[in-house]
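Q: For reference, the chains in residue letters:
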Amino acid sequence: MGDRDWLRAQWHAVADRVSDPRLTIAGRELRVLGREKTIILAVVIQLFVAAFSGFLVVGLVSLYDPGSVDGYQIDAAVTGDATDEMLAAIEERPAIEGTRYATTSEAYADFQDNAVNAVFQTTRSDGRIEVVMTAPEGSIETTLVVSEGQEALRALERNLRTERAASLSNPPLALPPDTGGNPYYDFTYTILLPLLVFLPVFISGSITVDSLTAESEQGTLELLRVAPVTMVDIVDGKSAAMIAIAPLQAVAWLGLLSLNGVAIANVGWLAALVTAVTAIVVALSVAVSLLAPDRRSAQLLFSVAVLLFFAGATLLPGGPANTAARLAIDSATLSTRLAVLVYGIVGVAAVGAVRRLATRINPNRL
Amino acid sequence: MTRVDRLRTRLATAGRRLRRIARIARWELGQSTSSYNRRTLAVIAVLVVVVASVGTSAVALGVASPSPNTDIYRVGVADNSPYTAVIDDHASLTARPPDRTALATGEIDLLIGGVRQPTAGPGPRSPTLLVEPADGEKGDAALTAFRSAVQSYNDRAMALEPNRTAAYPVVVELQYIPQSTLGPAAPTNAGNLTGDDTPGDDADSDDGTDTDANDTDTNGTAGNVDGGPASGSGDNTTATDNTDSDAPPVADGGGGSLLDRALFGGGTSGSPAEIQPPFPFGSLLLAFLFLVPMNFVIQSYGSSVLNERISRRGELLLVAPVERLDIVAGKTLPYAAIAVATTAIIAAAIGGSLLSVAAVVPIAMTFLAATFLGAMFARSFKELTFVTITITVFLTSYVFIPSIFTNVTPIALISPLTLVVMELQGEAVTLGSYLFSTGPFYTSTAVLFLLGTGVYREEDMFSQKPVPLKFLDALDARLSGIRSVGVLTALFLPFVFIAELLAIAVLFVLPIEVSIPLILVVIAAVEEVAKSVHVFAGFESDRFDRSVRTALLLGIASGIGFFVAEKFTVVAQLVGLPNLQLGEAALQPAGIGITPSTSLLLLAGPLVLHTVTTGVAALGARKNLWWYLVSLVAATVIHAAYNFGVVTLYG
Numbered sequence: 001m002g003d004r005d006w007l008r009a010q011w012h013a014v015a016d017r018v019s020d021p022r023l024t025i026a027g028r029e030l031r032v033l034g035r036e037k038t039i040i041l042a043v044v045i046q047l048f049v050a051a052f053s054g055f056l057v058v059g060l061v062s063l064y065d066p067g068s069v070d071g072y073q074i075d076a077a078v079t080g081d082a083t084d085e086m087l088a089a090i091e092e093r094p095a096i097e098g099t100r101y102a103t104t105s106e107a108y109a110d111f112q113d114n115a116v117n118a119v120f121q122t123t124r125s126d127g128r129i130e131v132v133m134t135a136p137e138g139s140i141e142t143t144l145v146v147s148e149g150q151e152a153l154r155a156l157e158r159n160l161r162t163e164r165a166a167s168l169s170n171p172p173l174a175l176p177p178d179t180g181g182n183p184y185y186d187f188t189y190t191i192l193l194p195l196l197v198f199l200p201v202f203i204s205g206s207i208t209v210d211s212l213t214a215e216s217e218q219g220t221l222e223l224l225r226v227a228p229v230t231m232v233d234i235v236d237g238k239s240a241a242m243i244a245i246a247p248l249q250a251v252a253w254l255g256l257l258s259l260n261g262v263a264i265a266n267v268g269w270l271a272a273l274v275t276a277v278t279a280i281v282v283a284l285s286v287a288v289s290l291l292a293p294d295r296r297s298a299q300l301l302f303s304v305a306v307l308l309f310f311a312g313a314t315l316l317p318g319g320p321a322n323t324a325a326r327l328a329i330d331s332a333t334l335s336t337r338l339a340v341l342v343y344g345i346v347g348v349a350a351v352g353a354v355r356r357l358a359t360r361i362n363p364n365r366l
Numbered sequence: 001m002t003r004v005d006r007l008r009t010r011l012a013t014a015g016r017r018l019r020r021i022a023r024i025a026r027w028e029l030g031q032s033t034s035s036y037n038r039r040t041l042a043v044i045a046v047l048v049v050v051v052a053s054v055g056t057s058a059v060a061l062g063v064a065s066p067s068p069n070t071d072i073y074r075v076g077v078a079d080n081s082p083y084t085a086v087i088d089d090h091a092s093l094t095a096r097p098p099d100r101t102a103l104a105t106g107e108i109d110l111l112i113g114g115v116r117q118p119t120a121g122p123g124p125r126s127p128t129l130l131v132e133p134a135d136g137e138k139g140d141a142a143l144t145a146f147r148s149a150v151q152s153y154n155d156r157a158m159a160l161e162p163n164r165t166a167a168y169p170v171v172v173e174l175q176y177i178p179q180s181t182l183g184p185a186a187p188t189n190a191g192n193l194t195g196d197d198t199p200g201d202d203a204d205s206d207d208g209t210d211t212d213a214n215d216t217d218t219n220g221t222a223g224n225v226d227g228g229p230a231s232g233s234g235d236n237t238t239a240t241d242n243t244d245s246d247a248p249p250v251a252d253g254g255g256g257s258l259l260d261r262a263l264f265g266g267g268t269s270g271s272p273a274e275i276q277p278p279f280p281f282g283s284l285l286l287a288f289l290f291l292v293p294m295n296f297v298i299q300s301y302g303s304s305v306l307n308e309r310i311s312r313r314g315e316l317l318l319v320a321p322v323e324r325l326d327i328v329a330g331k332t333l334p335y336a337a338i339a340v341a342t343t344a345i346i347a348a349a350i351g352g353s354l355l356s357v358a359a360v361v362p363i364a365m366t367f368l369a370a371t372f373l374g375a376m377f378a379r380s381f382k383e384l385t386f387v388t389i390t391i392t393v394f395l396t397s398y399v400f401i402p403s404i405f406t407n408v409t410p411i412a413l414i415s416p417l418t419l420v421v422m423e424l425q426g427e428a429v430t431l432g433s434y435l436f437s438t439g440p441f442y443t444s445t446a447v448l449f450l451l452g453t454g455v456y457r458e459e460d461m462f463s464q465k466p467v468p469l470k471f472l473d474a475l476d477a478r479l480s481g482i483r484s485v486g487v488l489t490a491l492f493l494p495f496v497f498i499a500e501l502l503a504i505a506v507l508f509v510l511p512i513e514v515s516i517p518l519i520l521v522v523i524a525a526v527e528e529v530a531k532s533v534h535v536f537a538g539f540e541s542d543r544f545d546r547s548v549r550t551a552l553l554l555g556i557a558s559g560i561g562f563f564v565a566e567k568f569t570v571v572a573q574l575v576g577l578p579n580l581q582l583g584e585a586a587l588q589p590a591g592i593g594i595t596p597s598t599s600l601l602l603l604a605g606p607l608v609l610h611t612v613t614t615g616v617a618a619l620g621a622r623k624n625l626w627w628y629l630v631s632l633v634a635a636t637v638i639h640a641a642y643n644f645g646v647v648t649l650y651g
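Each protein sequence line maps, in turn, to chains A and B.
For what it's worth, my numbering labels the leading residue of the first sequence as 1, then goes sequentially.
For what it's worth, my numbering labels the leading residue of the second sequence as 1, then goes sequentially.
No lab work stands behind these hints: they were computed from the structure.
Virtual Cβ for every residue (Gly too), placed ideally from N, Cα, C.
Among these hints, one or two may not hold up.
[Said to hold, decoys possible] Derived DEER-like restraints, expressed as beta-carbon distance ranges:
id	chain 1	residue 1	chain 2	residue 2	range
1	A	255	B	484	53 to 61 Å
2	B	81	A	73	34 to 42 Å
3	B	105	A	125	49 to 57 Å
4	B	135	A	352	58 to 66 Å
5	B	457	A	218	46 to 54 Å
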């Protein structure tokens, strides 16, 4: 018994020596988050976003890109006096199969019977080919039929332009072949990834505002007079906890994306970028909560400021979303890495400025 | 005489209540405006001005890169190649020196080679550019992006050509005709199309000033040329002129503003580049505008409600001689008014009519109702922030993402925002589809407020409990006897409906063999939870004795409530969702898709099923959480098996 007490006393002594009020505050902050299960809620939100975005990507791709729908074949009826040209153009598109119809009414009858998915009715008139393209209305295939039919028509247009190149002052440039690459490949990197990576940043800032304003509104900051911690310690502790959790969530998302087969490059750089941006946003939220008169104003100011920060930063070259996308898709250049460095410097400067602000604030007046 | 008197008293009472509500609303408004003082608003104004000026100067100086996909694909191209201009014009492409080793090491994603002329035999009849993409998906995607960049570059070059016939040798008219499933519907338009298909007339009547709405970023240049001696056949029609005989009844007037035409292309005639697959990008963007201000409104509303609880000021209100419902109504009124006003302003600004307002208001009300309940459950402002973010994310995705598929599938109608998109595109909206998409929102608003008002009492407002326990309390507050269990189950139906439609929307992209069994299980689980969670709440709060008999009685009451309410989902038939295979799978087990000729047994089937499965769940719920979960799984399995049987028998 005595041994255990002695051990405990020793442990406390060691802990006291190592401990720092700032670490204590940071630890408490994180424990409260865990107890209120708010972090779980945050992760659930992000999971929801990811699931819905996945649905969006898969949906868009299967709707607009026939290549992704295995073995899907559009049968088209071609009629009229320019049938030969149209059929030749359709031949260039593997996803469409053209059939010659002698009369228009036969073609439409087959369309009505679902025997063909599209009708191209061609007419020659003063040097042009007029095509009436018919697609099914209100069907899941509509978009597919229209976009694929449009490609065939563009092929027809290209062929005719080539024939008439002599009458054009600038003949069109030759097109590369269509290999059916995914036109939404960049969606994951340029929209989904920045969304997932920067949502934790926003959440961290928002919690900081709540946490600081709750202290001042409940009057607990007055206890600072007797406690051996300063306002700067409190700001430090709370900011450190919030800056720490954002990159952790972001990296977890990157891991999840890689598990789903999305190759992510430069994970270290991405984590650094998220940390830097979180530092800026958390510094912003600390400043707002120290300066705003109450919680509601602080939250409003913070929301507006963050929205403007991201909007403004996106307009500048090397905006956070574009920087994250270029790092992740492995198209980063020296300037991309320099942008990360700039964010880091701004972040450090912002945290420093906020700490100076905190020393000047009288906690009793908050 | 007495009847008149009674009426007068009732009117007087109603008047008094309304005055009371108005007083609370005024008080609430005064409180919030004083909290957003002038300094806060001034700071916000300064921030907006600073960012706007930085942004505009960045745009003016030409250093702005608003596109998030700037320079993500690197293309190896020689400096003197004509394709350098193509790459410079396209945001997502960036030019690099052509180097084959760079392609192998992944320094570049695409290498541009020479041009192959067309050969006499089979194959393309126009020249092809030879390219080498890097291995992997990224190289292919880069090639696709590059190909579309070349295409739009050519489109812009052609717009400058003096010889219009050579530049635009093909004129397309796109029409949509329903493929009938009930026998041919006489293709009357087949004949007259050639007759009155005179794109030239259309083109001249509205001298469209932008040729390309979808993929050119410099459509200004194209516009300048169009005024020239265009020989007048369809070189510039992007306005949606649904002149076909099968066009929707309400046509989008071609005389819209330039912005309208740029955003709402959806071109149905013109050169092949101008027709567009039905993707309502512009309308979607505008519809999204409606959702932005709601986030600010609910943030403010949520903190006001929670502040009442944390500062215990609500106590004073509770002891005042005012009804709880009046307090809640009074507190909500200013925020609802702000939401309606902003919606109306936005609608007026983007050219939506009363229908847009009528479609968005239920969304706004659901935002408020969910926030109210969240603020009643949250223990701290931090928790409230998460609750608010959850509500925002969930509702925004629920209403926004389905509306992307507005022109593609009827599932899109689960979101009222689809109605806005349809209206902005000039499509007619039927009363049935309005009810279908907004009905769940109206009813869920009512139910959420009802649940929230139930816990608007001292013992719940000022106590600290985890959110799930508060939720059970809120359910329990609505229970009184066995009959109330059935009523509450019926009230849950809008949420069941929302959850099921959401599941359909998420799962419909999967192949049908996977999605149908999956959806049957999901639906069974959702319904079982909705039927039994309040029974569990009642047992947990010792409202009901934990005997087997009570559990079975409660199960029967809940099952009957669900069965009766489910019959109202017939409205789904009005919009033709059951035509969709997946919708059939979801709705048929409810006995909706079944014709009257089927036997009574089938109509009684759902009733028996719902009472039996809820009875099973209730038997577990009377013990504890673990038993409840186990019995819930069992009930779900029974339910899913039944659904599967019905679908395979009659599917």
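Q: If a hint holds in the structure, say so; if it doesn't, say that too.
A: Results of checking the hints against the structure:
1. 255(A) to 484(B): 53 to 61 Å: With Cβ atoms ~48 Å apart, the hint is violated.
2. 81(B) to 73(A): 34 to 42 Å: holds (37 Å)
3. 105(B) to 125(A): 49 to 57 Å: The hinted range 49 to 57 Å holds for residue 105(B) and residue 125(A), with Cβ atoms some 54 Å apart.
4. 135(B) to 352(A): 58 to 66 Å: violated (46 Å)
5. 457(B) to 218(A): 46 to 54 Å: violated (23 Å)
Hint violations for this structure: numbers 1, 4, 5, all remaining hints satisfied.
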